[in-house]
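Residue numbers (the working numbering), protein chains in the order written: chain A, 188 to 277; chain B, 61 to 279.
To be clear, the hints were calculated from the coordinates, so they are not data collected in a lab.
Computed from a predicted model, the values in this text were never measured in an experiment.
Idealized CB from N, CA, C, for every residue including glycine.
Please note: incorrect hints may appear among the correct ones.
[As the list claims (entries may be wrong)] For lysine-lysine, the following DSSO-like pairs were computed, each having C-alpha atoms within a straight-line distance of at most 27 angstroms:
1) A:K241 / A:K212
2) A:K256 / B:K90
3) A:K199 / B:K220
4) B:K278 / A:K257
5) A:K199 / B:K279
6) A:K199 / B:K90
7) A:K256 / B:K275
8) B:K275 / A:K228
9) B:K216 / A:K237
10) B:K275 / A:K257
11) B:K216 / B:K131
12) B:K131 / A:K199
13) B:K216 / A:K257
14) A:K257 / B:K226
15) B:K101 / A:K199
16) B:K278 / A:K199
[What the hints assert, rightly or not] Restraint-style ranges between C-beta atoms, simulated for each label pair:
17) B:M65 / A:D260: 40 to 50 angstroms
18) B:R156 / A:R192: 12 to 22 angstroms
19) B:T159 / A:R192: 15 to 25 angstroms
20) A:P213 / B:R156: 34 to 44 angstroms
21) A:K228 / B:S99: 16 to 26 angstroms
22) B:M179 / A:D260: 29 to 39 angstroms
[Stated by the list, open to error] Covered stretches of chain B (in silico footprint by chain A; criterion: 3 or more residues with CB under 8 angstroms from a CB of chain A, positions within the stretch not fixed):
23) 93-100
24) 209-215
25) 240-254
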Amino acid sequence: MVRKRERLEVIKDVLESIRSNRNIKPTRLLYASNLSPQMFKEYINELITKDFIKLEIDAKEKKTFSLTKKGQDFLQEYRVIENLIENFGL
Amino acid sequence: MFEWMVENKELLKFFYTFVIALVCAIIVVKTDRLFNLSSHKGIRYLRNAFLFYGVGFVIRSLLEIPALPFKFLNIFFEFFLIMAGFFLLYSLLWKRLETSSKNYNSSLFNPRIFLFYSMALIIALIDNLLGTYIFMFFSQIALFILASIISFKNYKNNGKKHKFLKFYFAAMLLSLGAWSLNAFAALYLWRLRFVTGVYMINTAIFLLFLYGVMKVTKK
Numbered sequence: 188m189v190r191k192r193e194r195l196e197v198i199k200d201v202l203e204s205i206r207s208n209r210n211i212k213p214t215r216l217l218y219a220s221n222l223s224p225q226m227f228k229e230y231i232n233e234l235i236t237k238d239f240i241k242l243e244i245d246a247k248e249k250k251t252f253s254l255t256k257k258g259q260d261f262l263q264e265y266r267v268i269e270n271l272i273e274n275f276g277l
Numbered sequence: 061m062f063e064w065m066v067e068n069k070e071l072l073k074f075f076y077t078f079v080i081a082l083v084c085a086i087i088v089v090k091t092d093r094l095f096n097l098s099s100h101k102g103i104r105y106l107r108n109a110f111l112f113y114g115v116g117f118v119i120r121s122l123l124e125i126p127a128l129p130f131k132f133l134n135i136f137f138e139f140f141l142i143m144a145g146f147f148l149l150y151s152l153l154w155k156r157l158e159t160s161s162k163n164y165n166s167s168l169f170n171p172r173i174f175l176f177y178s179m180a181l182i183i184a185l186i187d188n189l190l191g192t193y194i195f196m197f198f199s200q201i202a203l204f205i206l207a208s209i210i211s212f213k214n215y216k217n218n219g220k221k222h223k224f225l226k227f228y229f230a231a232m233l234l235s236l237g238a239w240s241l242n243a244f245a246a247l248y249l250w251r252l253r254f255v256t257g258v259y260m261i262n263t264a265i266f267l268l269f270l271y272g273v274m275k276v277t278k279k
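If we strip away everything but chain B, and leave its shape as in the complex, we get:
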C-alpha cells in the first residue's frame, strides 16, 4: 500500500489538493449565502478562512509543477495559509474584540485585518528568506492552541445543545496535531510517512468542517 502511494505520489498530491479546494469552495458558497442574508460577522470571518485556505491550496498545487518557474509563489502560499488560520481564529474571537460602534464595511480591507495581513506577510517573508517553513508552523501551532482552548470552552458551555461544537473542538485538536507533526517533520525528519500522515489528518479536518456546514445548514 505504502509503496503504491510512493509510486503515485504526484497523483495523490493532486487529488489531495483537489479535494481540499473543492471542500473549501462548497463551504465558501454555503456560508456566503448565509452571510449575505444575515450580515453576521462570525459567518463572514468563517467564509474568509475557507476562501483563503482554498486559494492557498490552489497555489500549493502550482508549486508542485516543476516546469513552472514560480518559486516566489511560495510566499503567497504561506501568506494565504497563515491568513486563513487568523480568520478562523478571529471568527471565534470577534465578539470579544469588536465593539458594535465600530463597523467596517469590508472584512478583507480594514485596519484590524491589516494587522493580520502584516503579520502573515512578515512570517511568509522570513520563512522564504531562510528557506524554511518553521515560522509558519510555529505561528499556526500557537494559533491552534488558542483556537482549541476557545472551542473547548464553547463545547463545555453549549455542547449539549449544539452537537457540532464537539466536532469543532476535535477539528481544532486535529489541526494542532497536523501542524505539530509538520513542524516535527521539518525539524527532524522530512519523511514521506510523516507527510502522508499530515495529508490524511488535513483531509479529515476539512471533511469534518464540510460535514458540519452541510449538517447544520440542512433544512
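Chain A on its own, in the form it takes in the complex:
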C-alpha cells in the first residue's frame, strides 16, 4: 500500500519542485506535486499566505510560481524540523 504523505512532506515536495524548476507553471507544478486539483489549490493558497512562494504574472498573462526567502529557509530547515518531530514523538 502506498504511504500517505504527511502535510509537511507535501509542502517540502511542492517547494522542491518549484526550486528545481525555477518559475514553474501552475499546471506543471500540479503534475509534479502529485496532488488532486482541490488539494493542490489548498496547499498553494496556504504557501502563498505564509509567504513561502509567490505567484508572478508576466505581460502575456503567463503565471509562474517562484520560491521566496522563507520558502528557501523552510527547505533548508526541513530535515531539522522532521528530526525534531520524529525524535520527540510529536
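Use these hints to put chain B onto chain A, whose structure you have.
Only chain B this time, still in chain A's reference frame:
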C-alpha cells in the same frame, strides 16, 4: 558535602532555578523558530510546555524571597507548572485527538486548551485553599504515567530509527520519579535530602531535553 549544601541552600536554589529557566528559554527560542517555519502543532505544544515551565520556575524563585508579600503567587506557580505538564502530554497526544478540519489559530486561547486551563486553575486553587501541594503532585503523577506509556510506545515503534526516543522515555520516567518523590516527601517527611534529590532529578530532566533539542536541531 551535604552540610555545605545546607549552608548554601538559598544560593543553590537560586542557581537551580536559573539553570532551569535558562534551559527553558533556549528550548523555547529553538522550537519557536522551527514552529514559525513549519506551523507544526506538536512543535507548538512542546514550545508552550517549556514556556510554561520557564515562567513557573521564575515565579517559584520569587516565592523564595521572604521580603516579598506575594504568597498568592503560589497559585500562579502551581498553575504554570500543571499547564506545562498538560502541554507536554498534549504534544504527544494531539495527533490522536485533533481533526484536520478543526484548526485553531492560537495554541494558548482555544476551547480545548481552555479545558486544561480550568483543570489547572481548579487544582492550584484547591491546593492553596488547603495549604498543600498534594493535588498538583497527584495530577502530575497521573499525567507522567500516561506520558511514559505513550513515549514507551513511540520508542518501541521507532526507537531504532530515532535515537532520542529512548532518552525521551527516560525523561518521562525520571519526571514520574521526581513527582512521586515530591509527593512522598510532602506526605511523610519533608526533608532536605529528599528535596535535594528532586532538584537533582529535575535538573537532569531539563538538561536531557536541552541535549535532545540541541542534538536533533544541529545542522
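Hints and how they fare:
Taking the CA atoms of K241 (chain A) and K212 (chain A), the gap is near 12 angstroms; set against the 27 angstroms cutoff, the hint holds. Taking the CA atoms of K256 (chain A) and K90 (chain B), the gap is about 19 angstroms. The hint holds against a cut of 27 angstroms. For the proposed pair K199 (chain A) and K220 (chain B), the alpha carbon gap of about 25 angstroms is at most 27 angstroms, so the pair holds. In summary, the hint linking K278 (chain B) to K257 (chain A) is supported, as the alpha carbons are separated by about 19 angstroms, within the 27 angstroms threshold.
With a C-alpha separation of about 17 angstroms, the suggested pair K199 (chain A) and K279 (chain B) falls inside the 27 angstroms cut-off, and the hint holds. Proximity of K199 (chain A) to K90 (chain B) is assessed by CA-CA distance (about 20 angstroms); at most 27 angstroms being required, the pair is judged to hold. As the CA atoms of K256 (chain A) and K275 (chain B) are separated by approximately 25 angstroms, the hinted pair is consistent with the 27 angstroms bound. Between K275 (chain B) and K228 (chain A), the direct Cα distance comes to roughly 36 angstroms. Violation of the 27 angstroms bound is thereby established for this hinted pair.
Of the supplied pair hints, the one linking K216 (chain B) and K237 (chain A) is violated, its CA atoms being roughly 36 angstroms apart against a limit of 27 angstroms. Note on K275 (chain B) and K257 (chain A): the hinted pairing holds, with a Cα-Cα distance of about 24 angstroms set against a maximum of 27 angstroms. As the CA atoms of K216 (chain B) and K131 (chain B) are separated by approximately 44 angstroms, the hinted pair breaks the 27 angstroms bound. A C-alpha spacing of about 50 angstroms is found between K131 (chain B) and K199 (chain A), which places the hinted pair above 27 angstroms, so the restraint is violated.
With a C-alpha separation of about 36 angstroms, the suggested pair K216 (chain B) and K257 (chain A) falls outside the 27 angstroms cut-off, and the hint is violated. Simply put, K257 (chain A) and K226 (chain B) have alpha-carbon atoms about 33 angstroms apart, too far for the 27 angstroms limit, and the pair is violated. About 17 angstroms separates the Cα atoms of K101 (chain B) and K199 (chain A), which keeps this hinted pair within 27 angstroms; it holds. Of the supplied pair hints, the one linking K278 (chain B) and K199 (chain A) holds, its CA atoms being roughly 19 angstroms apart against a limit of 27 angstroms.
With their beta carbons about 46 angstroms apart, M65 (chain B) and D260 (chain A) fall inside the hinted range of 40 to 50 angstroms. As the Cβ distance of R156 (chain B) to R192 (chain A) is approximately 19 angstroms, the hint placing it in 12 to 22 angstroms holds. T159 (chain B) and R192 (chain A) have their C-beta atoms about 18 angstroms apart, which keeps the hinted 15 to 25 angstroms range intact. Here the CB-CB span from P213 (chain A) to R156 (chain B) is close to 36 angstroms, well matched to the stated 34 to 44 angstroms.
Restraint check, K228 (chain A) to S99 (chain B): a C-beta distance of roughly 18 angstroms satisfies the suggested window 16 to 26 angstroms. M179 (chain B) and D260 (chain A) have their C-beta atoms about 38 angstroms apart, which keeps the hinted 29 to 39 angstroms range intact. Only residues whose beta carbon comes within less than 8 angstroms of a beta carbon in chain A count, and the region 93-100 of chain B has 5; three or more means the coverage holds. Counting residues of the region 209-215 of chain B whose CB lies closer than 8 angstroms to any CB of chain A gives 3, which reaches the minimum of 3, so the coverage claim holds.
Counting residues of the region 240-254 of chain B whose CB lies closer than 8 angstroms to any CB of chain A gives 0, so the stated coverage by that chain is violated, three being the minimum.
The structure is inconsistent with the numbered hints 8, 9, 11, 12, 13, 14 and 25, although it conforms to all the rest.
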